[in-house]
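Residue numbers (this note's numbering), protein chains in the order written: chain G, 1 to 365; chain R, 366 to 628; chain W, 629 to 873.
Treat the hints as calculated values from the structure; they're not laboratory data.
Incorrect hints may appear among the rest.
What the hints assert, rightly or not - Some, not all, of what chain R presents toward chain W, calculated at C-beta under 10 Å:
id, residue
1, T453
2, G475
3, P479
4, G481
5, F573
6, T580
7, L586
8, L594
9, T596
Built from N, CA and C at the ideal position, the CB exists for glycine as well.
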Amino acid sequence: MIAPRIAVPDGARTAVGVHAAVATRGVELAIDVPPGTVTAVVGPNGSGKTTLLHLVAGLVAPSAGTVRIDDATVAGGSVHVPIHRRRVALLTQRPSLFPHLDVLANVMFGPLAGGASRAAARARALTELDAVGCGAFVDRRPVQLSGGQAQRVAIARALATDPKVILLDEPLAGLDVAVGAEVRHTLAARLRGRTALLVTHEPLDIWTIADRVAVLDAGRLEAEGPAQELLTRPTTGFLARLSGTNLLAGRADGADALELAPGFLLRGLPDPDSPLTPDAPALASVAPAAISLHRAEPGGSPRNVLPATVVSVEPRGQVVRVHLDLCGHSVSADLTPQSVAELGLAPGLPVRAAIKATQVRLYGR
Amino acid sequence: MIRPPLPRWLAVPAVMAAVFLAVPLLAMLVRVPWDRLPALLAAPASMDALWLSLRTCTLSALLALALGLPLALLLSRARGRWATVVRTLATMPMVLPPVVAGLALLVALGRRSPLGAWLEASGIGLAFTTAAVVVAQTFVAMPYLVVSVEGALRSARDDFEVAAATLGAGPTTILRRVSLPLVAPAIASGTALAFARALGEFGATLTFAGSLQGTTRTLPLEIYLQRELDTDTAIALSVVLMALAALLVAATARWGRGAQAWA
Amino acid sequence: MTARLAAALAGVALLAGCASGSPGPELVVFAAASLNQAFTQLGAQFEAAHPGARVRFSFEGSTTLVDQLSAGAAADVLATADESSMDRASSAGLVSGTARAFASNTLTLIVPAGNPAHVTGLDSSLDDALLVVCAESVPCGAATKRLAATLGVTLRPASEESKVTDVRTKVESGQADAGIVYVTDARAAQGVDAIAIAGAERVRNVYLIGVPATAGQPALGAEFIELVGSSSGRAVLDAAGFGSG
Numbered sequence: 001m002i003a004p005r006i007a008v009p010d011g012a013r014t015a016v017g018v019h020a021a022v023a024t025r026g027v028e029l030a031i032d033v034p035p036g037t038v039t040a041v042v043g044p045n046g047s048g049k050t051t052l053l054h055l056v057a058g059l060v061a062p063s064a065g066t067v068r069i070d071d072a073t074v075a076g077g078s079v080h081v082p083i084h085r086r087r088v089a090l091l092t093q094r095p096s097l098f099p100h101l102d103v104l105a106n107v108m109f110g111p112l113a114g115g116a117s118r119a120a121a122r123a124r125a126l127t128e129l130d131a132v133g134c135g136a137f138v139d140r141r142p143v144q145l146s147g148g149q150a151q152r153v154a155i156a157r158a159l160a161t162d163p164k165v166i167l168l169d170e171p172l173a174g175l176d177v178a179v180g181a182e183v184r185h186t187l188a189a190r191l192r193g194r195t196a197l198l199v200t201h202e203p204l205d206i207w208t209i210a211d212r213v214a215v216l217d218a219g220r221l222e223a224e225g226p227a228q229e230l231l232t233r234p235t236t237g238f239l240a241r242l243s244g245t246n247l248l249a250g251r252a253d254g255a256d257a258l259e260l261a262p263g264f265l266l267r268g269l270p271d272p273d274s275p276l277t278p279d280a281p282a283l284a285s286v287a288p289a290a291i292s293l294h295r296a297e298p299g300g301s302p303r304n305v306l307p308a309t310v311v312s313v314e315p316r317g318q319v320v321r322v323h324l325d326l327c328g329h330s331v332s333a334d335l336t337p338q339s340v341a342e343l344g345l346a347p348g349l350p351v352r353a354a355i356k357a358t359q360v361r362l363y364g365r
Numbered sequence: 366m367i368r369p370p371l372p373r374w375l376a377v378p379a380v381m382a383a384v385f386l387a388v389p390l391l392a393m394l395v396r397v398p399w400d401r402l403p404a405l406l407a408a409p410a411s412m413d414a415l416w417l418s419l420r421t422c423t424l425s426a427l428l429a430l431a432l433g434l435p436l437a438l439l440l441s442r443a444r445g446r447w448a449t450v451v452r453t454l455a456t457m458p459m460v461l462p463p464v465v466a467g468l469a470l471l472v473a474l475g476r477r478s479p480l481g482a483w484l485e486a487s488g489i490g491l492a493f494t495t496a497a498v499v500v501a502q503t504f505v506a507m508p509y510l511v512v513s514v515e516g517a518l519r520s521a522r523d524d525f526e527v528a529a530a531t532l533g534a535g536p537t538t539i540l541r542r543v544s545l546p547l548v549a550p551a552i553a554s555g556t557a558l559a560f561a562r563a564l565g566e567f568g569a570t571l572t573f574a575g576s577l578q579g580t581t582r583t584l585p586l587e588i589y590l591q592r593e594l595d596t597d598t599a600i601a602l603s604v605v606l607m608a609l610a611a612l613l614v615a616a617t618a619r620w621g622r623g624a625q626a627w628a
Numbered sequence: 629m630t631a632r633l634a635a636a637l638a639g640v641a642l643l644a645g646c647a648s649g650s651p652g653p654e655l656v657v658f659a660a661a662s663l664n665q666a667f668t669q670l671g672a673q674f675e676a677a678h679p680g681a682r683v684r685f686s687f688e689g690s691t692t693l694v695d696q697l698s699a700g701a702a703a704d705v706l707a708t709a710d711e712s713s714m715d716r717a718s719s720a721g722l723v724s725g726t727a728r729a730f731a732s733n734t735l736t737l738i739v740p741a742g743n744p745a746h747v748t749g750l751d752s753s754l755d756d757a758l759l760v761v762c763a764e765s766v767p768c769g770a771a772t773k774r775l776a777a778t779l780g781v782t783l784r785p786a787s788e789e790s791k792v793t794d795v796r797t798k799v800e801s802g803q804a805d806a807g808i809v810y811v812t813d814a815r816a817a818q819g820v821d822a823i824a825i826a827g828a829e830r831v832r833n834v835y836l837i838g839v840p841a842t843a844g845q846p847a848l849g850a851e852f853i854e855l856v857g858s859s860s861g862r863a864v865l866d867a868a869g870f871g872s873g
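Use the sequences and the hints to build the structure in full.
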């Protein structure tokens with residue numbers, strides 16, 4: 001899918017600053033979103049993610065502090081710019097397409113409300129619908145669309161208004177895996193280069209769509225930074241538990257391997273929906289249970305045998321989580337206490353890590 | 366999917382109910398002097414009453430819509446004690462005996478009341494006028510529309526309005542293009558219900574507006590008069606009322622079902 | 629369970645009460661609306677003279693009463709406000725024996741106290757006034773029509789009511805500027821002034837009384853009729869403004 005050249009002047013230049021509190025929801029945030037970036041917002045349930053979006057959209061007023069979009073204060077003090085004047089798009093799990101209008105009329109709604117002529121609105125709507133691959137559905141009623149189609153039309157409808165900021169609240173949560181993958185790609189293409197906030201629980205969303213990650217907990221900002229870094233070097237417990245798996249970033253080597261460090265390749269199975277592009281950034285995911293450790297070079301089938309150093313040993317009830325430095329990447333391996341004892345694992349010990357290629361998933365960007 | 370069936374003994378009271386409701390109506394149909402029907406209905410008094418009823422009820426239904434719809438919209442969003450008070454007031458004419466409603470209108474707008482005296486002095490006296498009929502009908506019929514529409518508005522999904530706002534639509538645009546179209550079936554059904562109530566209105570009209578052929582003697586009042594004079598005419602006119610009522614009820618049911626379409 | 633049982637027992641007791649009625653005999657009197665005040669007084673006299681008996685009245689338009697009788701309602705006395713209603717009842721076989729005249733009534737004009745519309749009679753002063761009369765289908769209305777024809781005046785009423793008492797209340801409340809009612813109604817009304825109509829005695833409504841065929845207590849009904857015709861009955865009727873029968 002090729003992203004069309006639609007002028008997105010405001011959407012690429014808008015910065016958002018939320019330095020506000022909402023007492024009734026127990027939220028107090030200080031977060032700045034750089035212009036033209038997609039920031040994934042993650043955190044446990046009730047951490048204030050939706051409240052952050054609502055503050056920016058104007059669905060909730062801050063009890064203290066301000067919300068700024070570019071140089072203008074849109075909320076705070078005695079100011080509260082109403083929702084319809086903020087030019088902030090909001091997409092949620094429900095597409096909320098107007099049931100009494102057909103797809104084209106739905107997408108034309110925004111431009112018409114903004115004062116565009118019918119002809120201009122129509123032309124814009126058709127372009128946006130083509131860009132999300134829904135050009136064939138213009139005459140259909142929302143009730144005739146599948147979940148994925150409806151969500152894509154919702155994306156087109158939101159983008160047709162040239163919003164300054166796009167807010168997404170778990171837009172893929174209601175879709176099944178295959179459909180979700182399609183819509184994820186649509187989002188990635190259409191959001192590129194725009195200012196957006198994406199609330200999600202899915203590491204794949206972060207990897208595919210987001211440039212930055214903001215971690216919220218109990219209504220506060222816990223961590224913030226570039227997506228790739230926070231995924232692979234989790235700084236908070238939540239991030240580490242986010243996927244429950246090891247995530248390693250590197251460059252793709254061929255179609256089925258990730259270069260961890262010069263000369264060290266991690267072979268695996270490429271994800272069919274996110275094929276690797278040679279030499280482009282790629283992500284590998286390995287479950288802690290899939291890594292076996294050896295003192296000496298092991299034989300047998302595993303394609304991946306890599307040198308590693310033990311960083312720490314963490315007993316966790318029935319398993320022991322061994323934190324390793326694997327060619328410069330932080331990974332964890334789960335072993336039984338007996339194995340740990342037999343191997344005599346201790347911090348600083350060099351070991352060989354064996355990983356079956358079938359248990360490594362590779363994702364291109 | 367097969368649902369577990371209802372107990373069979375329910376049929377007994379249910380059939381009794383249906384028979385109880387149907388027999389008086391069917392008895393009327395049997396009693397109607399069908400051969401003389403056209404002649405009876407063509408009598409000047411009958412035509413005047415029919416035409417007057419249609420005119421006043423249409424006006425009343427439209428008035429109920431023009432005033433009741435905004436009220437329903439505001440009530441559907443309102444919370445707190447004031448909302449409960451207003452809603453109670455707006456619903457009361459529904460449960461009041463019509464003659465009490467007529468009495469209330471008399472006390473409020475009668476020629477001796479401050480309001481009524483002022484109206485009379487300004488040249489728009491209501492006493493014994495067709496306008497009084499419309500006032501009485503609207504008073505008893507509007508609550509039906511308000512209750513019907515407010516119910517639909519309250520149970521409507523609110524995410525459409527949020528979406529519309531984020532797309533840049535201001536409050537009036539949202540109302541015009543999203544909220545109202547979505548409850549259009551309930552509005553239609555509520556208006557039909559109001560029309561039906563206005564059509565059958567008797568007690569308030571008689572008390573407040575009086576009874577004069579062509580001016581204030583609506584169909585129910587004409588039937589009341591004729592039942593002593595000429596029972597056949599009374600029954601003929603009653604059948605016309607029944608036919609109109611049946612039409613309206615069917616329309617209400619059909620549109621009422623449509624009201625759930627977008628839920 | 630106890631509450632439900634108590635409620636059921638109460639319901640049965642109520643029904644039983646309805647069915648058995650009060651201890652003594654009950655007299656049902658159907659009388660024209662204009663006889664309200666006078667007959668209520670006579671009813672009290674009757675109950676005093678017949679300890680244990682109770683009199684129940686139904687005051688309606690005469691045509692309504694005859695209709696109810698023909699539909700099967702049971703009454704022990706029927707008193708109509710004109711001859712045509714009683715004739716209708718008799719020819720339909722609803723009255724046993726012959727009905728007899730016991731009072732008469734003439735029409736008069738009433739206006740709200742103070743005569744706000746400055747009405748002087750059945751003349752041009754009514755042109756701008758809101759006049760309310762009885763509908764033609766009731767005796768009072770038929771009499772009004774006859775009177776207007778006899779006197780050669782054209783009336784333009786704003787409303788035609790089905791009960792003479794409705795005309796009275798509309799004038800009492802000031803909603804109407806003038807109303808044509810029976811002399812007896814004018815006497816019983818409050819807050820109205822009566823304006824005599826010149827020539828009103830030319831149209832008299834004769835009141836007739838008889839025992840309906842459906843009477844449950846025909847003997848008691850006949851006794852009531854005796855009371856009406858007696859000197860004490862006559863006194864009550866005169867005081868109310870009725871003429872002789």
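Hints and how they fare:
Annotation: interface hint on T453(R) violated; nearest CB of chain W at approximately 28 Å, more than 10 Å. The beta carbon of G475(R) is positioned within 10 Å of a beta carbon in chain W (closest approach about 5 Å), and the interface hint is therefore held. A hinted interface residue such as P479(R) counts as satisfied when its beta carbon comes closer than 10 Å to some beta carbon of chain W; here the least separation is about 13 Å, so the hint is violated. Residue-level restraint check for G481(R) holds (minimum Cβ-Cβ distance to chain W is 9 Å; threshold 10 Å).
Given the 10 Å rule on beta carbons, the hint for F573(R) holds: about 9 Å separates it from the nearest Cβ of chain W. With a least beta-carbon distance of about 8 Å to chain W, the hint placing T580(R) at the interface is held under the 10 Å criterion. Taking 10 Å as the C-beta cut-off, the interface hint given for L586(R) holds, the closest approach to chain W being about 9 Å. Interface hint at L594(R): satisfied, since its Cβ lies 4 Å from the closest Cβ of chain W, which is below the 10 Å cut-off.
Annotation: interface hint on T596(R) holds; nearest CB of chain W at approximately 8 Å, less than 10 Å.
Of the numbered hints given earlier, the model fails hints 1, 3; all others are met.
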